[in-house]
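Q: Position chain G relative to chain X; hints supplied.
There are 2 protein chains.
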Amino acid sequence: MNLEYQFQLLLQCIRESKVSVRNIKRGEPFDINNPNHIKAIKARFIDGRKPKHPAEPRTITDSAYLEVMISYYDRKEPRELIEEIHKIAMASENIVGEILERYIANELEPYGWVWASGAVLHAVDFVYRQNDGTWAFLQVKNRDNSENSSSQSVRNGTTIKKWFRSFSVARRKRATNTNWEGFPDLPEGAALTEKDFVIYLREYLQNLRLAS
Amino acid sequence: MNLEYQFQLLLQCIRESKVSVRNIKRGEPFDINNPNHIKAIKARFIDGRKPKHPAEPRTITDSAYLEVMISYYDRKEPRELIEEIHKIAMASENIVGEILERYIANELEPYGWVWASGAVLHAVDFVYRQNDGTWAFLQVKNRDNSENSSSQSVRNGTTIKKWFRSFSVARRKRATNTNWEGFPDLPEGAALTEKDFVIYLREYLQNLRLAS
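Same order as they appear, the protein sequences are chains X and G. Read left to right, the first sequence gives residues 18 to 229 (our numbering). Read left to right, the second sequence gives residues 18 to 229 (our numbering).
Please keep in mind that the hints were generated in silico from the structure rather than gathered at the bench. Misleading hints may appear alongside valid ones.
Treat identical chains as interchangeable: a pair holds within one or across any two.
To be verified - Here are the simulated SDA-like pairs of lysine to any residue, each with C-alpha atoms no more than 25 Å apart in a straight line:
#, residue 1, residue 2
1, Lys93, Ala187
2, Lys212, Ile77
3, Lys93, Arg219
4, Lys104, His70
5, Lys59, Gly199
6, Lys158, Met107
7, Lys93, Gln25
8, Lys69, Glu100
9, Lys69, Glu198
10, Lys104, Val186
11, Lys190, Asp79
12, Lys212, Ser80
13, Lys93, Gln223
14, Lys212, Arg92
15, Lys179, Ile77
Only chain X is shown next, with the shape it has when bound in the complex (with noise of 0.2 Å):
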């Protein structure tokens, strides 16, 4: 896609609807005629779309839950490794609902959507216009667990749909634990599945790693 393009009809969608856009810095609200804000976000929308590695805990171990694994789990293997994998694994789910997005994003842009990536706007990870030609917010989220962002902050009357890809909890009535025949407003000629997603995911950390 054309992130000129891409961008600038995040900007017409902040102009024509109340979706709330995020403080510049330090508190300093957005304001749409101030052309160093559109700046800002801009290069927040650009450098939301490059490409992130996995990031590991930057914290140090607390060796005491290793002690558990030990004399608990009774584990043989090496604390280093037992370490590792547990790292490279908290890691591992942090990056998850990014990449969901960008797949998400290289779907339906092709359709008239927008990500509003670099999380310009509050709470709201995509854009598109209803057949209405009113504008729709969307936000994603990669388990039905995780942490919603703060939806108070978002300005009355916007009302943001909501839609996460996998269920915590099994449930006999369901076919998958995934909930992308749950997905709103999907354009026509459009698919997402579950499948295609695993696909992309591989690939885009895979060319990460190469590159890397």
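A: Just chain G now, with coordinates in the frame of chain X:
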């Protein structure tokens, strides 16, 4: 320690201080003059001291993070092994704070401290009488970045001391990454050390495992 004695001491503290007792059930405020309420918190107080096993997350694994482990981190371990280690590592991390309270109780109750086990008090884990006769309150956390309990819920005028066991970020000027030397109001003759804590934790967990 004699549990009945410890509980009577706790009741004395509740009567003499402004410490806030948690609601009994479904929002019913605790009333010290209601014998059923006394009975209810006593049951929680005693129950909270029963040995407790680490609990693994019951949620379904989101297999997407395992894809990240393979595609980006190039891990060769079987998925099941990664998943198992990560799950029990989370359970292990979650149980450390609880064992920390048990260790402190074990060391300091002989000096007149009371462990408010079963989370019967708001944001308070230990109570003890100070030299001037007034009661003091201590909240204990395993780590400096643990979420704080909402101290707002504590009644006006009651100050709660806070202590955490481990630092999450290393500093060169610190000899260790633990904070035992910062433990407040340690009774004369008592000693709390990381070494003793780890010995206690190992013994507690080995007994738990063998008994199960």
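Q: With reference to the structure, classify each hint as holding or not holding.
A: A quick look at each hint next to the structure:
1. Taking the shortest Cα distances, Lys93 and Ala187 never come within 25 Å of each other, neither inside one copy (31 Å) nor across copies (28 Å).
2. For the identical chains of this complex, Lys212 and Ile77 are inter-copy neighbours only, at 18 Å across copies versus 37 Å inside a copy, given an alpha-carbon limit of 25 Å.
3. For a Cα distance limit of 25 Å, the shortest separation of Lys93 from Arg219 across copies, 15 Å, qualifies, whereas the shortest one inside one copy, 31 Å, does not.
4. For the homomeric pair Lys104 and His70, the shortest alpha-carbon distances inside one copy (14 Å) and between copies (23 Å) are both at most 25 Å.
5. For the identical chains of this complex, Lys59 and Gly199 are neighbours neither inside a copy (31 Å) nor across copies (47 Å), given an alpha-carbon limit of 25 Å.
6. When the C-alpha separation of Lys158 and Met107 is checked against a cutoff of 25 Å, the pair qualifies both within a copy, at 17 Å, and between copies, at 22 Å.
7. When the C-alpha separation of Lys93 and Gln25 is checked against a cutoff of 25 Å, the pair qualifies neither within a copy, at 57 Å, nor between copies, at 45 Å.
8. Proximity of Lys69 to Glu100 under the C-alpha cut-off of 25 Å is found in both arrangements, the shortest distances being 23 Å within a copy and 24 Å between copies.
9. Taking the shortest alpha-carbon separations for Lys69 and Glu198, neither the intra-copy value of 28 Å nor the inter-copy value of 41 Å comes in at or below 25 Å.
10. Within a single copy, Lys104 and Val186 get their C-alpha atoms as close as 24 Å, and across copies as close as 15 Å, so both meet the 25 Å cut-off.
11. Taking CA atoms no more than 25 Å apart as the test, Lys190 paired with Asp79 passes between copies only; the shortest distance there is 19 Å, against 41 Å inside one copy.
12. In the homo-oligomer, the alpha carbons of Lys212 and Ser80 lie at most 25 Å apart only across protomers (12 Å), although the nearest pairing inside one protomer, at 38 Å, exceeds that limit.
13. Taking identical chains as interchangeable, the C-alpha atoms of Lys93 and Gln223 lie at most 25 Å apart only when they sit on different chains, with a minimum of 15 Å there against 31 Å within one chain.
14. Taking the shortest Cα distances, Lys212 and Arg92 sit within 25 Å of each other only across copies (21 Å), while inside one copy they are farther apart (34 Å).
15. Taking the shortest alpha-carbon separations for Lys179 and Ile77, only the inter-copy value of 21 Å comes in at or below 25 Å, while the best intra-copy value is 35 Å.
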